[in-house]
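Start from chain Y and add chain S according to the hints.
Residue numbers (this note's numbering), protein chains in the order written: chain Y, 1 to 478; chain S, 1 to 95.
Derived from the structure by calculation, the hints contain no laboratory data. Hints may contain errors.
To be verified - Covered by chain S, according to a simulated footprint, are these stretches of chain Y (three or more residues, beta-carbon under 8 Å):
#, region
1, 9 to 23
2, 126 to 137
What the hints assert, rightly or not - Computed cross-link-like contacts, PhoX-like style, restricted to lysine-lysine with a CA-CA straight-line distance of at most 20 Å:
#, chain 1, residue 1, chain 2, residue 2
3, Y, K388, Y, K462
4, Y, K414, Y, K391
5, S, K5, Y, K88
6, Y, K215, Y, K79
7, Y, K414, Y, K457
8, Y, K457, Y, K411
9, Y, K358, Y, K391
10, Y, K391, Y, K475
11, S, K82, Y, K130
12, Y, K72, Y, K53
13, Y, K79, S, K75
14, S, K75, Y, K88
Don't be surprised by glycine CBs; every beta carbon is placed ideally from N, CA and C.
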Amino acid sequence: MEWETVIGLEIHAQLATKSKIFSGASTAYGAEPNTQACAVDLGLPGVLPVLNKEAVAMAVKFGVAIDAEIGKRSVFARKNYFYPDLPKGYQISQFELPIVGLGHLDIELEDGSTKTVGVTRAHLEEDAGKSLHGEFQGMTGIDLNRAGTPLLEIVSEPDMRSAKEAVAYMRKIHSIVTYLGICDGNMQEGSFRCDANVSIRPKGQEEYGTRAELKNINSFRFVEKAINIEVERQIDVLESGGKVVQETRLYDADKDETRSMRSKEEANDYRYFPDPDLLPVEIEDGFIEAARAALPELPDQKKQRYIADFGLPSYDAGVLTADRETALFFEQVVEKSGADAKLCANWVQGELSAALNKDGLEIAQSPVNAEMMSGMMQRMADNTISGKIAKQVFQAMWAGEGDADAVIEAKGLKQITDSGAIETIIDDILANNAAQVEQYRGGNEKVFGFFVGQVMKASQGKANPQQVNELLKSKLQA
Amino acid sequence: MSLDKADVVKIAHLARIAIDEEMIPEYTNNLSGILELVEQMNAVDTDAVAPMAHPLDMVQRLREDQVSEENQRDKFQEISPKVENGLFLVPQVIE
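Excised from the complex, chain Y in its bound form (with noise of 0.2 Å):
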């Protein structure tokens, strides 16, 4: 039979405040376990939890980011249910009337086609404390900095077909909460996670299957790894004519496969009520419209521009626009070194993205900043440097030696574009393949990529290529 895959995600955002959602702790990350959560966070008795603004104007850009209806009267929830690392045994959730409502965004398939994804809700909450096993005997630390952190939890419509499709979506949502700067995106950290609810059905059915899901997925790779395990998983169960349980499944990275979370706490029973200890949040026309004026230019704007401005293809401009920091970069070293884009694209995203890879570095962390690039394009534009010798410059700068200038000056890369040097080399070179000059000469013109190869490697590549190639040429057409 064939099957389709029906996903939704659950996106969990860290919102960038400085202090928590409902109290003045700090939000920062790495601080000595249980020094950043104060008597509202650990829930202790007579305390009043009380809304952070910021986390408010977070959420309303988010919605106006994907064109969803803003709640204008939204209302906070109790989720209850009980684990050591929510000191309140509830979660300040929302459940009926969440801050935003229906919006969608696109998403680039690998055909090169898009597809809109629907959102169905973004909402506020507070994240939990952590839970470290394994280090005490017999017992749990817990960690309450995390908890109290805002969250904006953004709910998909099950309007994905594919691993690949969720991995693009999840990328969008990512590129988005980033560009608006709502969130750092740090999945190490735990700033951005994902749950994903999988299903499959025969093609053609109309009602879903039962779904699973899937738990604790913290990078784009896993997203894409744990659905496609599940997918078989569920094809073998229904194929042995046996039934998919609704539960929650976590995925296991290591062994590469998903199994059941059930326990005996398996009835989520959150029962959700209004929390009597937060009023209605309202929120005026013009505080939205607001947000809607100061939204930045966002991933596919920013694409939908470089393809107009700087003429690049569809997919450059994608790759370089669904990073910021990435964009940033890209966007500065075509200011600064006044290169063609084109080229400054490929640099970016060839040279750059494969170092940055190899040493495991953000583009924010790489020791070849925009401006050393710009330098480095500068010299290629203005032939100091082929674009052979910049690979060189590029390592050399990648290593600390210093910016373009100083190491084509302590390299001695300066290409030679001195007419009568590369011609005394070139007359060498002809003096001491006598038997190639007349093949060459006799009509075999595959040889003349051997007296370039030879001439380039007497001037260890720093001889212009074009003057050699018409030097060559006049030289043996004599």
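Only chain S this time, still in chain Y's reference frame:
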């Protein structure tokens, strides 16, 4: 709607409340009585009434995004049964 014994046991578990076996019939009765009252209220036509999220007819006040709390870990952890390396220790939750 009336509850049976299993419902009461489940509710007690969800609320983490220990109850005596012999008290269950009484709880069942009382809780069912509450639900009957709710059913009476459900019977009222409220189509034209906006749902009330809070008894106070007011709007939530918002706070500026400023860090105003200092580290008071030592003070908070004085009342904690077990603490190590700054962490609260609780009975292990995952085997």
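Sort out which numbered hints this structure fails and list those numbers smallest first. 5, 10 and 13
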